[in-house]
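Given next are the chains, with one letter for each unit.
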Amino acid sequence: MTSELVIKDLHATVDDGAKAVLKGVNLTIRQGEVHALMGPNGSGKSTLSNAIMGHPHYQVTSGDILLDGESILEMEPNERARLGLFLAFQYPVAVPGVSMANFLRTAVSNVRGYTDQPMVSDNNRPGMVGSNLMPMREFRNELLSKMDEFHVDRSFAKRYLNEGFSGGEKKRVEILQMAMLQPKIAIMDETDSGLDIDALRVVSDGVNKLAGPGLGILLITHYQRILNYVQPDFVHVFFDGRIVISGGAELAHELEAKGYQWVKDEFGEAELVKA
Amino acid sequence: MATASDREALSGVKDDYQYGFSKPEEYVFKARKGLNHEVIDQMCDMKNEPDWMREFRHRSLDIFLSKPMPTWGADLSGIDFDDIYYYIKPTEKQGKSWDDIPASIKDTFDRLGIPEAERKFLAGVGAQYESEVVYHSLQEQWTKLGVIFLDTDSGLREHEDVFKEYFGSIIPPSDNKFAALNSAVWSGGSFLYVPKGVQVDIPLQAYFRINAQNMGQFERTLIIVEEGASVHYVEGCTAPIYASDSLHSAVVEIIIKDGGRCRYTTIQNWSNNVYNLVTKRARADKGATMEWVDANLGSKVTMKYPAVYMMGPKAHGEILSIAFAGRGQTLDAGGKVVHGAPNTSSKIISKSISKNGGRASYRGLLKVAKGATGSKSTVVCDALLLDDHSRSDTYPYIEIDEQDVQVGHEASVSKVNEEQLFYLMSRGLGEEEAATMIVSGFIEPMVKELPMEYAVEMNRLIQLQMEGSIG
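Respectively, the protein sequence lines represent chains E and G.
Take the position in the first sequence, starting the count at 1, then add 140; the result is the number in the working numbering.
Take the position in the second sequence, starting the count at 1, then add 27; the result is the number in the working numbering.
Please keep in mind that the hints were generated in silico from the structure rather than gathered at the bench.
Be careful, since some hints might not be right.
Cβ pair distances, simulated, as ranges [to be verified]:
{"hint": "1", "chain 1": "G", "residue 1": "ALA438", "chain 2": "E", "residue 2": "GLY253", "range": "36 to 44 Å"}
{"hint": "2", "chain 1": "E", "residue 1": "GLU216", "chain 2": "G", "residue 2": "GLN433", "range": "47 to 55 Å"}
{"hint": "3", "chain 1": "G", "residue 1": "PRO478", "chain 2": "E", "residue 2": "GLU216", "range": "34 to 42 Å"}
{"hint": "4", "chain 1": "G", "residue 1": "PRO478", "chain 2": "E", "residue 2": "GLY308", "range": "36 to 44 Å"}
{"hint": "5", "chain 1": "G", "residue 1": "THR170", "chain 2": "E", "residue 2": "ARG294", "range": "42 to 50 Å"}
{"hint": "6", "chain 1": "E", "residue 1": "LEU284", "chain 2": "G", "residue 2": "LYS442", "range": "30 to 38 Å"}
{"hint": "7", "chain 1": "E", "residue 1": "ASN348", "chain 2": "G", "residue 2": "GLN433", "range": "52 to 60 Å"}
{"hint": "8", "chain 1": "E", "residue 1": "LEU284", "chain 2": "G", "residue 2": "LYS475", "range": "20 to 28 Å"}
{"hint": "9", "chain 1": "G", "residue 1": "ASN299", "chain 2": "E", "residue 2": "PRO236", "range": "24 to 32 Å"}
{"hint": "10", "chain 1": "G", "residue 1": "ILE229", "chain 2": "E", "residue 2": "THR142", "range": "56 to 64 Å"}
{"hint": "11", "chain 1": "G", "residue 1": "PRO222", "chain 2": "E", "residue 2": "GLY308", "range": "55 to 63 Å"}
Cβ coordinates follow ideal geometry from the N, Cα and C atoms, glycine included.
The shape of chain E in the complex, shown without the other chains (with noise of 0.2 Å):
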């Protein structure tokens, strides 16, 4: 079968409601599809991002998330992940003391059911509680592979999760982090955001590589460049908080031939003409 998240009517607002930020968004996303969602700084981006994966600051006010036909709006972030979402962090943020191999190691666990298993003893050390989390060996030697495949430093694996990474190497570690988990559907929130030609290659590398049948993504950008490097095969055009146009790739040409004035001109505050 396959996974399909669909967005439906959603609404949603920041913190403490007082302004809606999405204003009803329609989307839907299967696997094995490529969609780009382009919007000017502003447009509520990554309100719709942080909303599908359910950051606790944003309330969905009405409309429906979701996948597989079953509402996610009710789960908690660890449950979304679960069921196969992903979100690559646009800044993701530094755990200091914890080292990028046990966070995956965990996080893999958990999404890939480890963690549902009771425990067993890890070693013959008497007295030692077991753990249930994925075997160590088997961990480690997925993650040298990948983390090989996907360009990270192997050294990366003992420094602390996000810590004193540049730009490109935090961006790096999410495109490995969604090799590890594996998701059915990501959502990737400005990846190609600060970084330079070089990264912006090997970020866009990574995401050729796991597209496929298996997985759905969401490529949220502001700008039109890194679709020289990923080839999608719907663009939307997002703004003042849902999508005022869709189409194929060459939608993004137009937009970067003419701007987002356009956009703005076309479809501006006062006026929400339904697309």
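Based on these hints, arrange chain G on the given structure of chain E.
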């Protein structure tokens, strides 16, 4: 009534009690609550102690009685000195039954994966007989090197000359009310002597000691590290120490001669009824290094400020302190460094965690005496609050009587960050698991200084502490 397995656990103590008292079974000692000079005389008679120790105890009791309760720190008004047994014969002490131990403590043992025999030891109902074999083989190695590692009562009996020279020289009874109390009624603890130039490679662990008395209420530890020698001493363990006694007041004195090194690691997790008031101090001579690694969990009130007096040039002192305060707990911890000689250096790193209304404070003293030129010191204290109703305070006292010194002080207070939680949760971790991971990361700089098995247990313990702290 002791169960059959309790009797089995206790049998090693009763039949082969080599570290105990000379003839304990011949005395009929009626344990009595309260403290006076008569109790001290009875104790000295029982222990068959030399006159100088008897005088020392009596003098200490006078000092204890004359000193007011300290009021500058945690609330100590709940201590009733008349409702405490100041001396209990070890064999009586072990007469408790496993059945008397609260279910919550047993449950924690289960979850920490503490072996059966050790549980009884930790709960104070049995000796740690499984470790006995290990302990003996280690002891043979130490003896060959001239290392003395005994319980303190045996240390006094078997090595009185060395003992007398150093005992009370670092922490005199007049130091504070609780040091005076300990000086008056001390029992148990460790006596450790490392001869010149001897490097003890493996950590010496009080944990292995067969004598349950080691974890007494008023234990007294004396460590002497001779020139160029080094040792790592580890006390306590991560399992909750169940004490039916509500007051724990220990004294630890350490002397490190020229070029020597000592690291003293403590992990303690007292049950939540205990007042844990401990005085720990080390003197570091020329080029000597002292490191305190001190993790405090549990207890009702803990007041503990390990100190390093750097009395010789180029001496170095380090204090790493962790305090975790939960509901109804006050952990007042920190450290003291005193620079008493030129070119000495020190570092204090304090990490405190407060949750469920717990209160963790850093209290520290940095003193540079006149003449201690070229000294350097860094103090870093970080506090992590897990909710809005917990509390963290910092009391850094700095006294500097010399111009040519470098001193740095940093303090931070942070809350468990919602963005960190969301990030970890978006990767599949439950909220509690995510918060635990953040807390573990927060104390990681210290945990990585612990011996492997302690580091593992420490992390396990943090997990247990974090249970139920969310939502």
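Each hint tested on the structure:
Separated by about 43 Å at the C-beta atoms, ALA438(G) and GLY253(E) satisfy the suggested range of 36 to 44 Å. For GLU216(E) and GLN433(G), the hinted distance range of 47 to 55 Å is satisfied, since their beta carbons lie about 49 Å from each other. Checked against the given bound of 34 to 42 Å, the beta carbons of PRO478(G) and GLU216(E), roughly 37 Å apart, stay inside it. Between PRO478(G) and GLY308(E) the beta carbons are some 38 Å apart, a value that agrees with the proposed interval 36 to 44 Å.
Range check, THR170(G) to ARG294(E): Cβ separation about 46 Å, and the 42 to 50 Å hint holds. In this structure the hint that LEU284(E) and LYS442(G) lie 30 to 38 Å apart at CB holds, the actual value being about 35 Å. Separation of ASN348(E) from GLN433(G) is about 53 Å and conforms to the stated range, judged on CB atoms against 52 to 60 Å. Taking the beta carbon of each, LEU284(E) and LYS475(G) are about 22 Å apart, inside 20 to 28 Å as hinted.
Checked against the given bound of 24 to 32 Å, the beta carbons of ASN299(G) and PRO236(E), roughly 29 Å apart, stay inside it. For the pair ILE229(G) and THR142(E), the beta carbons lie near 59 Å from each other, so the given range of 56 to 64 Å is met. Against the hinted window of 55 to 63 Å, the Cβ-Cβ separation of PRO222(G) and GLY308(E) comes to about 56 Å, which satisfies the hint.
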